[in-house]
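Chains as they are written, first to last, in the working numbering: chain A, 70 to 510; chain B, 3 to 548.
Check before you lean on any hint, since a few could be wrong.
Dumping the calculated DSS-like pairs for lysine-lysine here, alpha-carbon to alpha-carbon at most 25 Å [unchecked claim]:
(1) A:K312 / B:K265
(2) A:K453 / A:K183
(3) B:K431 / A:K208
(4) A:K312 / B:K472
(5) A:K292 / B:K472
(6) A:K208 / B:K265
(7) B:K342 / A:K312
Short, incomplete list of chain A residues facing chain B, as computed with Cβ under 10 Å [unchecked claim]:
(8) V275
(9) S286
(10) Y298
(11) N302
(12) F318
(13) L319
(14) L324
(15) G384
(16) G388
(17) Q392
Hints listed in this document are in silico derivations from the structure and should not be mistaken for laboratory results. These numbers come from a predicted model, not from an experiment. By construction, the Cβ of each residue, glycine as well, lies at the ideal position given by its N, Cα and C atoms.
The chain contents come next:
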Amino acid sequence: MDLSSSNAYTRREFLGRGLVMASAAATIPAFIHGTAHAMNKVLGSLSSLPGVPDERILVVVQLSGGNDGLNTVVPFSMSEYYRARPGIGVPERDVLRLGSSDGVGLHPQLAGFKSLYDDGLLGIVQGVGYPNPNRSHFKSMDIWHTADTTATGDGWIGKYIDSECCGFGKGESGTPERPDGASGPPSLAIGRTAPLAMQGRLVTPVAFENADLFRWSGQEIHKSLREPYDDLNRRGDEQAERKESNAAFLLRTSLDAQVSSDMIRKAVAQRSQVQYPGNDLGRQLAMVSSMIRAGLKTRVYYVQLGGFDTHAGQGGAQGRHGQLLSQVGGALRAFYTDLKQQGNDQRVLTLSFSEFGRRVAQNASGGTDHGTAAPMFLVGPMAKPGVLSKHPTLSDLDDGDLKYLVDFRSVYAAVLSDWLKADSKEILGKSYQAAPVIKKA
Amino acid sequence: MRYQPDAKTAEPTPPETTVDAGTASPETAPAKAPAVRATPDKIESTLSPIRKDEFGYDQARHLLWRAGFGGTPQQIETLASWGPEKAVDYILGYDKVEFEAPAADKFDKDIMRPPTEEERRMVTEARRRQDEETLAKAQLERQRREREDRRQVGEMQKWWLKRMVETPRPLEEKMTLFWHGHFATNYRTIENSYHVYLQNQLFRKHAIGSFADLLYGIIRDPAMIAYLDNNDSRKNRPNENLAREIMELFALGLGNYTEQDIKEGARALTGYTFNDDEFVLQQNNHDTGAKTILGRKGNWDGDDFVRIILEQPACAHFIARKVYHYLVADVPPDERGGDKSMPGPQRQAIRQMADALRSSRYQMRPMLRRLFLSDHFYSARFMNDQVKSPASLVVGAIRSLGAPARDLTILADAMDLMGQNIFYPPSVKGWEGGRAWINTSTLFVRQNLLAFLLTGKRTQGYDPTAETMKYDPLPLIAHLDEREGQAARNPGAIVEALMKLALGTTPAHAREPLMSFFASNGNRVTRENVTGLLLLLTAMPEYQLC
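Next comes chain A alone, as it looks inside the complex (with noise of 0.2 Å):
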């Protein structure tokens, strides 16, 4: 099965590529949210005011199709690696090396991330996983979606932001109230569909694959549509006879869209200064980015890339495994160069997954099947820099798999309790001991 292909039968291009958002502003009532703007003003921009948490954002970057952890993380120390991987073992030479860490290092395409570590904005967990580890695309992606090995609730981010911005009973269509100030959907993603992480119960994610989509394509077939158009979807529901009527919820949803579809353009319309790789990644971290120094309040912002579903032919050194993690390592190099001259890097937090590793063993096409653990990724100055844990053994493994050493959902308890300042035993439903991947603020 293979994650990517079921665009065989889909044609994209009509409703274009995508960006999925989050922000807890957006729903927080008018007077809170003029306080904290205010503030801001006051004191300077956003990045002097370490430990609010209202001013955090955090990217999520999902590698979908299940990322081989042992080529992109090498354990070139471990005879065992190579006597698995006769063909596609990353030779030892060829590995970055991380300083004084021991035994591992990184894929030598993956450049961009060995300058974060240099300049101390990477933090590699290995050993990642979870019980009873599932080997299916879907049901493994629910899981870390879910933040529950039963792979059903709501997703985590989409509990957070319940947990965090919507006991108001406001933002019902998860897009601002305001038209003035910066604002926007307190989750945002970029993509068809908002993934199950983002889905909550009182907040409708956003997710739009283009800025240029998330508008009425009407209004280009004639000019003499644009003002009628306008008169009649930004209405809002003061004229509905019932608020509580569908009818009234769709006046304000559109009216909604439509101030949100301005702000987000509007934001995505200034070109960042620096130059970003021409991947799929690039471009949506770009996107992101834009809108970050627009100032939208979105708090979280997903971004996806396939293709990882490495069964056949997947290369060692070169190959198509390696131009992968040549576009992740070079975008988020973009992303934070980016964001530190726009004074923004210290409020942004990035985290990497996917929804398995692969076997330890290469297969007999070139490739490797599903497997189990994997590193995660933090990136940001304030994601603890280094390698943050040992990699699993490669001498006792459960039938061909790694073992996992790291759950998880202590890396997102992390994430909500230290970064996000939330509750994270009652986003996940269960206390998990935070994992050390946050700098103490």
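Following the hints, put chain B in place on chain A, whose structure we already have.
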């Protein structure tokens, strides 16, 4: 109505073409205005029959949307002139309506067939000899089949969509879609497109027939068995998935059974599996021991399990409520006191529907007849206040506005973006429906899809069909001058008629922008200008409702 009509074939077909032809025509029997209701948000309290003089254009339009995918002005007028009994009986009596359905026999049922004895032996042998080359070949072949099967399920999506667009029996497809969302199974898990197709045919066969037959059918349905792991359920190692979902989501609802009932029910279903495309009961895997299910003790099998569930009064109520939610109005989930937050008249109506279902031994048709003929169904509160599902939006626009379907692949893709990927429901709970369909992103997708249907406009540029399939909206207003001559062709009357058709209402604030668009284009009644009016109307928030 035909799929992909061009200007010449876009003439809407009134529903009386095959049955009762000639008894009524829109020209001779214009709809009377229905009695004006005093309070706009009133809910009529019971399922007492609607009076004939209360059934006019609005009610006929409502019926066509809820029991199908909307209608053309001619279809609306015809049903209105027939009056409630004849209109409802026509819609429910669809088995008498001839329909040459789009061919389905081209689907290959063997793409995912189980391996033959010989293929199996070859792989076992290769594994033993560590013959990597043969194993790799077998894996490539499997991947090829999987790709081919995914392609085929995509074809099935288009086939069903086409069927919804073309059918003269819309209630059949509407209820088939209902059952797909009710007994929700996802192709991603089933990975056998032919099983998906067989399940779809099962739903269609019983669409408004017997729910009991459907429930007996579903425990024999390969797609459902695979989806809920019952092929893995054996004596001494029962898998509870199917038994649980039947009780929780398919027939009873939370609170009407215990965990112990699930355990015992799972035992009754052990050995219910399939081989290739056929249901089989594997006696050696079936637990023949005594079980106690919902207080009844015996050596029950799967059919007994279903029968015992059908005997529960909660079952008819559960189904009635779900149908009500689908066809009438959003109701809160039937759990944790959801009933208490529902207005009394709604509780009563659902209760009466459940009674109708029970007294007809789970025949759906009498219950639906009672509902569609009731005062309650046409309450002002419910008219034009249901959020259209993506299927209703897309199919409804083609059917009611006579728009060309242009490209079924694009339509299916857009429906996915709107949150309804047919054959891929998000979970065993199906689609939540109602407001969950709408957010700021899906709203633009909805608007843009309508612009695509009406003009061929794509995000960048136009579809090739923009030239080859020109939309002609003029038949939608043809009846205006037929009835009252040229005088009726004034801008106000045209805008009024199009609002009535597209929105079901004539909101005062909408009139001015529409009129000003029309005026800025010289008030000329041309295809382009009327299409422009419809572009604006279908982009309105109110267009998302039916």
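These are the hints, each one checked on the structure:
Distance check on the hinted pair: K312 (chain A) and K265 (chain B) sit about 46 Å apart at the alpha-carbon level, beyond 25 Å; violated. Restraint check for K453 (chain A) and K183 (chain A): satisfied, since their Cα atoms lie roughly 15 Å apart, inside the 25 Å limit. Taking the CA atoms of K431 (chain B) and K208 (chain A), the gap is near 16 Å; set against the 25 Å cutoff, the hint holds. Distance check on the hinted pair: K312 (chain A) and K472 (chain B) sit about 40 Å apart at the alpha-carbon level, beyond 25 Å; violated.
Proximity of K292 (chain A) to K472 (chain B) is assessed by CA-CA distance (about 20 Å); at most 25 Å being required, the pair is judged to hold. Distance hint between K208 (chain A) and K265 (chain B) is fulfilled; the C-alpha atoms sit about 24 Å from each other, no more than 25 Å. The hinted pair formed by K342 (chain B) and K312 (chain A) meets the criterion: a straight-line CA distance of about 21 Å does not exceed 25 Å. Satisfaction of the interface hint for V275 (chain A) is found here, the shortest Cβ-Cβ separation to chain B being roughly 5 Å, below the 10 Å cut-off.
A distance limit of 10 Å between C-beta atoms decides the matter here; for S286 (chain A) the minimum to chain B is near 5 Å, and the interface restraint holds. Below 10 Å, beta-carbon pairs count as interface contacts, and Y298 (chain A) has one with chain B at about 6 Å; its hint therefore holds. Checking N302 (chain A) against chain B: minimum C-beta separation of about 7 Å stays under 10 Å; hint holds. Evaluation of the F318 (chain A) hint against chain B yields a held restraint, the C-beta minimum of about 6 Å falling below 10 Å.
For L319 (chain A), the interface hint holds, the least distance from its beta-carbon to any beta-carbon of chain B being 4 Å, beneath 10 Å. At a threshold of 10 Å, the smallest CB-CB gap from L324 (chain A) to chain B is about 9 Å, leaving the interface hint in force. Proximity of G384 (chain A) to chain B is violated relative to the hint, the smallest CB-CB distance being about 17 Å (cut-off 10 Å). At its closest, the beta carbon of G388 (chain A) sits 18 Å from a beta carbon of chain B; the interface hint therefore is violated under the 10 Å criterion.
For Q392 (chain A), the interface hint is violated, the least distance from its beta-carbon to any beta-carbon of chain B being 21 Å, above 10 Å.
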